[in-house]
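4 protein chains.
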Amino acid sequence: MATHVFEPDTFYSTLGSHPPILEIDPGDSVSTTTVDARGGDKNGEFCGISGNPQTGPFFVRGAEPGDTLVVKIERLWPNRASGFTSVQIAPNVTEFGYRPAFDDIVDRADWSLDLDSGTASLSSPHNRLSALELPLSPMLGCFGVAPDRDQAISTATSGAHGGNMDYRGFVEGVTVYFPVFVAGALFHVGDGHAIQGDGEIIGSGIETSMNVTFTLSLLSGKSINWPRAENDEFIMAVGNARPLDEAVQHATTELIRWMRDGYGLTEREAHLLLGQCVRYDVGNVYDPAYTMVAKLEKSLLAEMS
Amino acid sequence: MATHVFEPDTFYSTLGSHPPILEIDPGDSVSTTTVDARGGDKNGEFCGISGNPQTGPFFVRGAEPGDTLVVKIERLWPNRASGFTSVQIAPNVTEFGYRPAFDDIVDRADWSLDLDSGTASLSSPHNRLSALELPLSPMLGCFGVAPDRDQAISTATSGAHGGNMDYRGFVEGVTVYFPVFVAGALFHVGDGHAIQGDGEIIGSGIETSMNVTFTLSLLSGKSINWPRAENDEFIMAVGNARPLDEAVQHATTELIRWMRDGYGLTEREAHLLLGQCVRYDVGNVYDPAYTMVAKLEKSLLAEMS
Amino acid sequence: MATHVFEPDTFYSTLGSHPPILEIDPGDSVSTTTVDARGGDKNGEFCGISGNPQTGPFFVRGAEPGDTLVVKIERLWPNRASGFTSVQIAPNVTEFGYRPAFDDIVDRADWSLDLDSGTASLSSPHNRLSALELPLSPMLGCFGVAPDRDQAISTATSGAHGGNMDYRGFVEGVTVYFPVFVAGALFHVGDGHAIQGDGEIIGSGIETSMNVTFTLSLLSGKSINWPRAENDEFIMAVGNARPLDEAVQHATTELIRWMRDGYGLTEREAHLLLGQCVRYDVGNVYDPAYTMVAKLEKSLLAEMS
Amino acid sequence: MATHVFEPDTFYSTLGSHPPILEIDPGDSVSTTTVDARGGDKNGEFCGISGNPQTGPFFVRGAEPGDTLVVKIERLWPNRASGFTSVQIAPNVTEFGYRPAFDDIVDRADWSLDLDSGTASLSSPHNRLSALELPLSPMLGCFGVAPDRDQAISTATSGAHGGNMDYRGFVEGVTVYFPVFVAGALFHVGDGHAIQGDGEIIGSGIETSMNVTFTLSLLSGKSINWPRAENDEFIMAVGNARPLDEAVQHATTELIRWMRDGYGLTEREAHLLLGQCVRYDVGNVYDPAYTMVAKLEKSLLAEMS
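Residue numbers (this note's numbering), protein chains in the order written: chain B, 1 to 305; chain S, 306 to 610; chain P, 611 to 915; chain Y, 916 to 1220.
Hints are computed from structural coordinates only; laboratory data are not their basis. No false leads were mixed into what you were given.
Below are the SDA-like pairs computed for lysine to any residue, each with C-alpha atoms no more than 25 Å apart in a straight line:
1. Y:1213 x P:698
2. S:603 x B:135
3. Y:1213 x P:727
4. Y:1137 x Y:916
5. S:603 x B:131
6. Y:1213 x P:889
7. S:603 x B:118
8. S:603 x S:539
9. Y:1137 x Y:980
10. Y:1213 x P:733
11. Y:1213 x P:712
12. Y:1213 x P:738
13. Y:1137 x Y:942
14. Y:987 x Y:948
15. Y:987 x Y:936
16. P:832 x Y:1012
17. P:908 x Y:1005
18. P:908 x Y:1045
19. B:298 x S:426
20. S:347 x S:380
21. B:72 x B:219
22. S:527 x S:565
23. P:652 x P:813
24. B:72 x B:225
25. Y:1213 x P:722
26. S:377 x S:324
Using C-beta positions, here's what the derived DEER-type ranges look like:
27. S:312 x P:629: 23 to 33 Å
28. Y:1046 x P:654: 47 to 57 Å
29. B:66 x S:348: 51 to 61 Å
30. Y:1098 x P:915: 54 to 64 Å
31. Y:980 x B:131: 40 to 50 Å
32. Y:1148 x S:413: 54 to 64 Å
33. B:101 x Y:918: 51 to 61 Å
34. S:377 x B:175: 34 to 44 Å
35. S:604 x Y:965: 55 to 65 Å
36. B:97 x Y:980: 28 to 38 Å
37. P:654 x S:311: 42 to 52 Å
The beta carbon of each residue, even a glycine, is placed where N, CA and C say it ideally should be.
My request is simple: use the sequences and hints to build the entire structure.
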């Protein structure tokens, strides 16, 4: 149950079967850092690549295809006092034919992060939004494992292996489950957001570099089809696909499987209960693959047993 | 500002330019009843048609195409102690190829409603769900106005005119806005659910008959593109379309319009703020048209002004 | 087997249960005219409504819900020497973010129709396209029957009842089948195009008024789920839905049903044969509902028997 | 202008930046072989991997990111007398809720290929289809170049780099263009089909091993966004995405770009001409990404100049 402190100097623009940067035992924790979406570290220095560079991969001894990797996000907090966002809602999130009428052309907005009070505000005084102090809610935008078939999948998208899901529920305290496709699982992590709206509809949260501590463990011989997660309140299943309808289909079906395999409900009970009690959250609706989360209150599951 | 007590005896399976059953002044309230999705009233008697029969239409004097109809849901509560649901999650909400393995064939489940304690439970003791007591959260599944172009649109679907949106946020206390397409607006209301999960993924909430009181008023000369709503906490814009991506597009764009036209933000400010603060709720993902709600906390808008 | 010559003076902007303008026996033919998409007749005079006005409805004696209406397009030819088109490909047919860079703003292009030589050319000499002489291929853009549930559905869209399918295969000589939803079937016809590309991607073909002769007959007690069609070479099944994926699903499934019910193939045979031999044509990809046609060569069916 | 005869012994399940198996000059031809979708060669021996194994990659000297790779398919013919297909239309191509009622369970059908007469017929006498002799139309299902961002993308899907497009127009005599993302372009080729219906709706054509000869050349400094192709009759642009709507959008927009950049039409002319003359073909509608081809007759372009 060691804690490894690891300072990365290699980054990847794909989740793939890259050479591991650290090998750990199941149950070990890692304290490390992530650079921002454009490759900037805590000092604003460029790591060499852009587009959600990943720290990793981390090799978990004993992990084999068909297992499940368990990722507990122990600690997640920005390690610098600045971030940035895009400024325009993506064309695929607005109506066909909609054109924004902007006054000026900029490609990013700068934000100040007050790491003590835990708030963010716009750095530049150019509009009425400057009055806002938004509470920080640091989350991981892009993380997951090496995919199957020897693929190396861009950090611009997502799939059964995780990737760029941009779900604002992936915060400190949450446990996330990934299917293991290769020996060692090969966990990658990056793309921290200090804050993010549902859908990451402008193509960014408040992008910044992070300190992150996570614990990796294994469910050996237990296989899942899509990422899952849980916190104190909910069990959650994640679907990554386009269109959003298909993300709903994957998330819903994976949640049914979890209720059946993990909680012993019959399939009929799962259908009946989800019908009146399912909740959906929207992850990324900007990328080539969109993300939808289907979730259920744990208290309902407890009430039945 | 009269309150009209109205007991319906005619029902429609479309929202359309039917003969008005009552003509009222803007600002008037109506206390009436709705039958359940299969046409059953408070005594369980069949009203003659099935499939979300609508009470109405109500003609609002002075309403003209291009206006906005304002519907305040003053009161909404079941008027009988029973309801029913479907039992199987729709094939379009589960993965291609997924097949539920059910023990038996039933086409509905019966629920008991405790109108005093405000809870619902399964009537039949056939499974572990019988232990659950779910809190009532009565909502309107299908309501809206007569559409444009002399159309009469089935209560099985939805559009710019409202219709079968099945959004569980349409509860007592909420104000809903609809574009007016015909003289008098012609408001229809029906399809009450005692409880419903996000998405109405089994094709029903707990379907029951309702007592409903609503107030209808007008924003003359103010036109909107899609339904809008607000409660104490949020402003909300509704998109109805398939696939879900397009519902997102309509909802997001309508929310931008509201922030610009209603709150005086520049388009850039609206984009920047939604990027970090938008929230999405899922309405119906079962019908020919799906429903997505984009919403924003009012406190953010207040903080800026 | 009468032929009725009928000159319309009433038009509808929906397919619905409107009062019949003519009642005929099964097997009878009708020679009539249609106005263009904006309501212009053979003299360019405006009929009073715009947006694919329909001639009809025609009541077929004996037609009952559950029957199939058989529409043979006997003759279809423009009745004036001019037409018009839109000029811009629809935003929903080009990439998110694509913006055409046009020199000037016009909302229509005028075309000359040479009804003797059977060609069309641009009337205005403003560009290199003026050299083109395109062969006429007159087709019906919008036609079908009254839908179920007392609906009246806009001629801007399509469904199981037909409507605005804009399939360039609906030409003279083709037989089209529609499900009957109401007594008399209530056949509507309009929106003739002198020429049209796949998809009607600019939102119009060369719109013009037409002389049309069709024969209506019945398959009593024979029900179908979606429109079907056939010519000498192919059997065809039509799906109308959005996204295009769902149009594919309806068209493919309806073609399987036809092979099974109409040609006695087992379901496995139908799957195997379509796998190597199906062809798809694209109808409308502009409307709220898109249209896809799945088709199979009749010679393959003949070869087997 | 050498012709390299190359017998592969290494195969890949992704298109990626793998070590080149052969380095050639622009203008050179390669005569080689491909294994079938399950890895079987001309003797039916297994190559070691399954799932559209690729022969290659071939490194073209001088190719740089931003160039276009030109692939002329000179010769393509099965090199054995047998093939196989799947037997069931994919669930994502049939209606939600549709279930085929099959008599027996098999996972493949075997076909005999008569390479002299150029026909295919079912090997097993189990159904009426056995009477059919289908004409061979050999095509490449999966081919393309190494993608950007150091990705390695599964041969189960497709993208801007090509991949598993399963378009039955990719036959002998066609020239296909791919964007170059990495030095040398790294061309891969595999997944030959003796015959295939539109859409590859059962998830396979008649899968077999092939002899293939192709010529690779370069358009230096000429960049394209999506694959393009041409034969004597048509210019064609390819979109690979899901849903099919987005494939239409990419294909249409790329065809506009070609008409503008390659044929000197104004954007307005391109819109007007495509509106009346575009044709769409359906490639794969089975994979994670679907394929649509937008095409235009060359004679129309010639007539204008």
